[in-house]
Structure formats: C-alpha cells, structure tokens
Amino acid sequence: MNDIKNGPIFQPGKKHYVLCGDEEGLNTLNPIKQILTNEQMSFEEIHLILECSSEVDRKLEMQKIGTFLYVAAERKKLRKVLSMATKLGYSPEEAQYIIVGKEEKRIFCCRCHVISSVCGESIKRGILNCPACSLKLELSDHYSSIKDAYLGYVAEVK
Amino acid sequence: MKLDNRLQVEINEIVQETATIKRFTLVQTNKSALPAFSPGSHIILFLNGRGGELERRYSLVGDPDRRGNYQIAVKLHEKSSGGSSYLHNKAQIGDILQISFPKNYFPLSFQARHHVFIAAGIGITPFLSMMRECKEQGASFELHYSTKTIDDCAFHSYLKKEYPQHTQFYFTKQENRINTTILLDQYIGTHVYLCGPAGFTSSFSRAAAIIGYPNASIHYEYFSTPTMFKPRSFILELTNGSFLTVPAEKSTLDVLLEAGYPVPHSCKVGHCGTCELSILEGEAEHNDSFLSTKQKESQACFLPCVSRSKTKTLKVDYSYK
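Residue numbers (UniProt numbering), protein chains in the order written: chain D, 1 to 158; chain U, 1 to 321.
Mixed in with the good hints, there may be bad ones.
[Stated by the list, open to error] DSS-like cross-link-like pairs, simulated, lysine-lysine; straight-line CA separation at most 30 Å:
| hint | chain 1 | residue 1 | chain 2 | residue 2 |
| --- | --- | --- | --- | --- |
| 1 | U | K103 | D | K14 |
| 2 | D | K76 | D | K147 |
| 3 | D | K15 | U | K296 |
| 4 | D | K87 | U | K135 |
| 5 | D | K59 | U | K135 |
| 6 | D | K136 | D | K105 |
| 7 | D | K64 | D | K14 |
| 8 | U | K294 | D | K64 |
| 9 | U | K161 | U | K173 |
| 10 | U | K103 | D | K87 |
| 11 | U | K315 | D | K64 |
| 12 | U | K294 | D | K15 |
| 13 | U | K250 | U | K315 |
| 14 | D | K15 | D | K59 |
| 15 | U | K315 | D | K14 |
| 16 | D | K87 | U | K294 |
| 17 | D | K64 | U | K22 |
| 18 | U | K135 | U | K22 |
Derived from the structure by calculation, the hints contain no laboratory data.
Generate the whole structure from the sequences, applying the supplied hints.
So this is what it looks like as structure tokens:
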C-alpha cells in the first residue's frame, strides 16, 4: 500500500484530529496524542477492537473539513479503514496510514495472476517463487490499489 | 463542418437573459450534430478584432444530451476589447461564427461526496451543465449564486424551478452578501467549485485552503489570463541562440508564436499545462494554476501562456522544429 507510512508524522494546524487504531496501533500514535494533549488541541480516538465497524464508519463519515485522520493498525484492519476513508473522500492531505506488526506485502504474479503474501526476509531479498505456478518473481514497486498488491515481474528468463 | 480544427456554426437564437447577459444558440452550418461535451466544458469563439483574431472562452450552458445545438451566455463587459461588445451589439441571427471543439478544464470530481458550487455573476454558466449532471446522477450538491440584484441574476427563474432545494441566491445591493462561511462545516469529501471575477475566486480559494480543503478539492475556472501585478518586460533566450523580447503587454507564449516558434498550447490561461517549457537559466514568475507548489519552487519549468520571468533573462529549452 503506497500510502502507508512506517510511523506517524505530526501535521500541525488542523482543526480536529482523529486517532484510529487497534491496540498496538494506538500505542504507535501515542507521540501524536501527547502533542495534541500538550497543545490542548481537539481530538478523538477510535478503537478498532472495541467499536463495531459500522460505528467506525459512521464516525469517519461525520468528520468535517479541517480534520486530520491517523490510522495505525495491522495490515488487514488498516486496509479496511483505508478503503472506507477513501470512499468517503479522505485525500492523502487529510490522512496518514501507519502499518504496525509484521511487515507483509502481497505480490501479483504477472503470469498466473495469483496473489501471494511475502514477509520478513523475502521482502528484503525481493525475489520469491509464485506458489501457484512456480515462476520466479521479482517484487516491483508497481502497486495496484485495486488488487492491493505489488506486481511481480519475471525474475529469470530461461 | 470541420475547418482547421474549428467548427463553423450559425447563430440560431438570441435571448436577452438580463440587461447585460444574452444567451446565444449555435447550430452547425451543415445542420449536423455537434460534438458531445462533458459538464463544465467551454468552447473558444474566434472573432475578428482590430488587432487580429480574438479568442473568447464561453461555457456551454445547454444540455449535453442535445447535440443539435450549443448554447452560451455572454455578459457585456464595460471595458470590452471586442468580444462581448460584438456579440451584444452586432451579432444577429444567421451570422456565421467559428468555434473550437469543446474543451473541459473544469470537470466534476468523480471522488467528491458532496459538490459545492459558488458563482458570482456570469460565473454561473459552467454550473448549469454540472448541476444538470449531478441531478441526473443523484449526486449531492448545492449552489451559492451571487449577483448585484435579482434583475442581474441570469437564469434565476430556471434555477428556482429546477433546483429549489439546492440553490441559495445572494444579492449584494440588497444587503445579502455572499461570504466564505458557506465553506465551513462541510463534511470531508466535499469539493468546492468557484467561478466568478478573479478577486472573488481567489478570496474563496484562499479561505478554502485556510479551512483545510485539500488542494485537489478546490476547483476554479478562469476565462481570461489571471490579472498580474505590473508585468515587466524581459528577454527570453532560446537554446538555438535566439533572443526574444517579451514586452509587458504580451504573454511569453504569444511572443514565441508571433516569432514563428510553434509551441503546443491549448487553454492559454495557465490551466492545462500543454505549453510547458523547461527552464535552463533564470527564474520564472509563475502565474499558473497547473504546476504544484513544489514544481514552481524547483524552477525546472514554467507555462509561457501566463508565466513570465523574475530575472532579466530567462533561458528556456526550446526543442521544437
């Protein structure tokens, strides 16, 4: 997910802030919460674990122009919130998405179109075999928001 | 009839909408259907003026589904340099005119959750087709329309009939002045569209940015080159070794075209980016609404249709033959 950052960056000058995340995600957002508390700025928290998804959607929907949204959560939860926020019209200037937990990337096989997941060392190496067709794939930086996956190029021409 | 990428049309009807606004219906001289257009589109009208050919841009106010004619609404400007004065005082039914194919630099956003249209005076024109589209698509929208008095308010009865729940009128001489508070309290996902005099558009655009609207959610339309504060003359140096003087009263693009250097161009108001040229030396004074703030700061390129030079000489990469 190209929009996703490794850590939150404070965006000053907004009218209201929304901190949204799972337990680990909200911990990641603590430095932001600290700044907002110290500066006595308006903010609210959305707990992805404690609140049902329709309530989360409703809270995102009711935000006014001038609000800044931070979302920090593990990949699947983050993807769900990002998708809803995008549908509601949140632009990259109005939100930051932070992934927490184990780094994982989805890779789209250019030959058989099966999407598989890679994590840890495989991401660093950038090379893996497609589990469906065994083609050796190179992880590209070409991300598809529709597939939520990176394109895997042919790594070896025999 | 297609003529040098132009269409030849005939004035079919003229309707006096207000004391200073006339609506013209144009049909092709060969009576065939006109090219389709999207909401927010405009055409360029090519008119013969004292100093040569004049180009004037007018929004298409008619129904995009009715391909038999185009409709434009024209305000008579007090300081008309020929365009509106000709159309108001000389143009008659049956006159033949040349127009461009429709162009759209003011489209509706596909991502908006809610559209807020803000018009002053003749700035209402692009919103007529845009609101028609919103209503057809069931999209959420509102219109804020400011004129001096109700008599100056073109399409007043039409708007009251078609969009009674969506339209708010403001008549400045009746102490009902439009202000930027209408931008407050809108939900995220709202896009704002501005059309009117340059001062009106820029004050609403500034207010929207301060409130927190992302740049991509603020849309505006200029029909003439944005007003610049005392433009100065400068020397334009080309990579082929030529030097051209750009006088204060002419655009950089016009100087290049007049000197026989073809530069691809389209909108001529700093909106489309077609005429972009790379800067090799010097700094440009950017007056366009196309390049991002970062691109402007980098001084790597500029748009000669509206932008000029901060330095005495501006060297550009001119590679067209």
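30 Å limit on alpha-carbon distance, applied to hinted pair K250 (chain U) and K315 (chain U)
Answer holds: K250 (chain U) to K315 (chain U) is near 18 Å, not above 30 Å.
Within 30 Å, alpha carbon to alpha carbon, are K87 (chain D) and K135 (chain U)?
holds, 20 Å
Are the Cα atoms of K64 (chain D) and K14 (chain D) separated by 30 Å or less?
Holds, at about 11 Å.
Given the hinted pair K87 (chain D) and K294 (chain U), is their alpha-carbon gap at most 30 Å?
Given pair K87 (chain D), K294 (chain U) holds - Cα atoms ~27 Å apart, limit 30 Å.
Between K59 (chain D) and K135 (chain U), is the straight-line Cα distance small enough, at 30 Å or below?
holds, 27 Å
Holds or violated: K294 (chain U) with K15 (chain D), Cα cutoff 30 Å?
Given pair K294 (chain U), K15 (chain D) holds - Cα atoms ~25 Å apart, limit 30 Å.
Under the criterion that the straight-line Cα-Cα distance not exceed 30 Å, is the pair K135 (chain U), K22 (chain U) satisfied?
Distance ~25 Å between K135 (chain U) and K22 (chain U) Cα, so the pair holds.
Decide if the proposed pair is consistent with the structure: K294 (chain U) and K64 (chain D), CA atoms, cutoff 30 Å inclusive.
holds, 27 Å
Is the straight-line distance between the alpha-carbon of K315 (chain U) and that of K14 (chain D) 30 Å or less?
Violated, at roughly 41 Å.
Are the Cα positions of K15 (chain D) and K59 (chain D) separated by 30 Å at most?
Measuring from Cα to Cα gives roughly 16 Å; hence the hint holds.
With a cut-off of 30 Å on the C-alpha distance, tell me whether K136 (chain D) and K105 (chain D) pass.
The given pair, whose Cα atoms are some 16 Å apart, holds under the 30 Å limit.
Sort out whether K64 (chain D) lies within 30 Å of K315 (chain U), counting only the CA atoms.
Distance of about 46 Å is beyond 30 Å: violated.
Checked against the numbered hints given earlier, the structure breaks hints 1, 11, 15, 17 and satisfies all the rest.
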